[in-house]
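Spelled out from the first residue to the last, the chains are:
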Amino acid sequence: MNRAALLVGAAFGFLVTAARLSDYQVIHDMLRLREPDVFLLMASAIAVAAPFLVILERRRWRTPFGGQLKVQRQPIARRNVLGAAVFGSGWAIAGTCPVPAIAMVAGGSGLGLAVTAGLFGGIALRDAIDRKAGRAPSTTC
Amino acid sequence: MDLLPDRLAWYIAGPLMGLCVVALYALANKPLGATTAYSETISFFRRRPFEAWRVWLFAGFIVGALIASILRDGFSPNLDYGKLGTEVPLGLLIPILIGAGLVMGFGARWSGGCTSGHGLRGCSSLSPASLAATGTFMATAVAVTAVLHVATGGSL
Numbered sequence: 001m002n003r004a005a006l007l008v009g010a011a012f013g014f015l016v017t018a019a020r021l022s023d024y025q026v027i028h029d030m031l032r033l034r035e036p037d038v039f040l041l042m043a044s045a046i047a048v049a050a051p052f053l054v055i056l057e058r059r060r061w062r063t064p065f066g067g068q069l070k071v072q073r074q075p076i077a078r079r080n081v082l083g084a085a086v087f088g089s090g091w092a093i094a095g096t097c098p099v100p101a102i103a104m105v106a107g108g109s110g111l112g113l114a115v116t117a118g119l120f121g122g123i124a125l126r127d128a129i130d131r132k133a134g135r136a137p138s139t140t141c
Numbered sequence: 001m002d003l004l005p006d007r008l009a010w011y012i013a014g015p016l017m018g019l020c021v022v023a024l025y026a027l028a029n030k031p032l033g034a035t036t037a038y039s040e041t042i043s044f045f046r047r048r049p050f051e052a053w054r055v056w057l058f059a060g061f062i063v064g065a066l067i068a069s070i071l072r073d074g075f076s077p078n079l080d081y082g083k084l085g086t087e088v089p090l091g092l093l094i095p096i097l098i099g100a101g102l103v104m105g106f107g108a109r110w111s112g113g114c115t116s117g118h119g120l121r122g123c124s125s126l127s128p129a130s131l132a133a134t135g136t137f138m139a140t141a142v143a144v145t146a147v148l149h150v151a152t153g154g155s156l
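Each protein sequence line maps, in turn, to chains A and R.
So in our numbering, spot 79 of the first sequence is number 79, and the numbers just go up one at a time.
So in our numbering, spot 119 of the second sequence is number 119, and the numbers just go up one at a time.
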């Protein structure tokens with residue numbers, strides 16, 4: 001399972017850099033609604049993945065490393081929306097998000113390191129709050 | 001080395017990223033997502049209980065991005081940051097980016113995912129939580145970007 005995760009992670013990280021999603025200007029232009037490419041990229045990823053997942057689930061696919069496939073679906077909770085609004089604000093300022101920030105660093109960006117350090121700090125802070133309150137951490141995905 | 005095009009087209013990269021989501025489910029029954037991978041990597045370094053596969057996923061992101069960088073321009077240390085880098089002095093830009101990262105990380109963990117986990121994996125699964133989160137962070141990011149554009153007199 002670990003090897004599968006490493007390989008899929010590597011493919012994903014490769015594609016993020018190859019498609020220049022780790023480029024501030026690409027994400028900024030997307031969020032300024034100046035170019036549709038990243039929206040189209042996300043839409044095409046979903047359009048390809050969604051039917052595959054439905055078919056695999058209907059066929060009761062037995063995965064080689066993790067038993068029978070179970071696709072996670074969660075009802076909407078308040079934290080999904082509130083957290084997403086906070087996330088979106090940071091995304092707009094930094095023009096990057098968690099995987100592209102790693103990809104920035106992997107490409108040699110010193111300022112990507114600043115974003116990544118912040119990401120680690122913010123995630124650790126939220127985890128610490130959840131732990132202190134005795135809540136289960138948010139693991140929607 | 002210039003073995004990669006300057007920018008891989010969306011209609012190639014997008015479907016392949018969708019297949020990454022499918023592959024992790026089909027092989028390991030696991031949801032692809034970066035936020036929890038960060039969180040579990042923190043747990044790994046702090047010697048708390050952690051899910052190993054998520055740390056391997058995180059390592060994979062680094063390895064894959066590094067390979068793509070080497071195949072395109074080569075690994076080149078730099079302090080570039082697009083227009084933001086030219087508009088904001090470095091001494092101010094570093095704390096802004098750390099702060100933006102903090103806000104992003106906090107929000108993503110609170111929400112239960114980010115652009116990969118909610119945006120790609122969750123929307124592909126038609127998970128109501130992910131559809132709501134994705135709609136919210138997209139709308140917020142577009143609105144905040146528009147505000148930044150106006151507040152900086154159109155320079156951003």
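Hints were generated in silico from the structure; no laboratory data involved.
One thing to keep in mind: the hints can contain errors.
Straight-line alpha carbon distances no greater than 20 Å define the calculated SDA-like cross-link-like pairs of lysine to any residue that follow [unchecked claim]:
1) Lys70/A - Arg60/A
2) Lys70/A - Ala23/R
3) Lys132/A - Arg48/R
4) Lys83/R - Gly154/R
Structure-based check of each hint:
1. Lys70/A - Arg60/A: holds, 9 Å
2. Lys70/A - Ala23/R: holds, 13 Å
3. Lys132/A - Arg48/R: Holds. Lysine 132/A to arginine 48/R sits at ~15 Å (cutoff 20 Å).
4. Lys83/R - Gly154/R: Given pair lysine 83/R, glycine 154/R holds - Cα atoms ~11 Å apart, limit 20 Å.
Checked against the numbered hints given earlier, the structure satisfies every one of them.
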